[in-house]
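Engineer: Offset between the sequence shown (1-based) and the numbering used here: plus 6.
A hint or two may mislead.
Unchecked claim - Pairwise CB distance ranges, derived in the manner of DEER restraints:
no. : residue 1 : residue 2 : range
1   : GLY73     : LEU27     : 42 to 52 Å
2   : GLN71     : ALA22     : 49 to 59 Å
3   : GLU36     : GLN71     : 47 to 57 Å
Keep in mind that the hints were calculated from the coordinates and are not lab data. Please read all numbers here as calculations on a predicted model, not as lab measurements. All residues carry an ideal CB built from backbone N, CA and C; glycine is no exception.
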Amino acid sequence: MADINHYWDLKDELDAVIDELVSTGDELLEEGRIDELNELISRRDEIKAELEALDDEFEEVVFFQEGDSLTFDV
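Make the full structure from the sequences, and use the hints.
Structural biologist: Here it is as structure tokens:
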């Protein structure tokens, strides 16, 4: 079974890579540092692929079935 903590770690890592791409991507491109830019893009793609694979391993969580209702005593 997949490790949910690893999943969230990957989500955090993906956010960090995307933040770095957004903040430095244009600069890397303008300075001709294409290899570094491509490395960030590749890392982003690897993380996304790993997250998709983990998504497939996790079962869907269903909190309510169709027809269920909540009742409250007041």
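Engineer: Run every hint past the structure and note whether it holds.
Structural biologist: A quick look at each hint next to the structure:
1. GLY73 x LEU27: 42 to 52 Å: Once the Cβ atoms are compared, 45 Å apart, the range 42 to 52 Å for LEU27 and GLY73 holds.
2. GLN71 x ALA22: 49 to 59 Å: violated, 38 Å
3. GLU36 x GLN71: 47 to 57 Å: The hinted range 47 to 57 Å holds for GLU36 and GLN71, with Cβ atoms some 54 Å apart.
Checked against the numbered hints given earlier, the structure breaks only hint 2 and satisfies all the rest.
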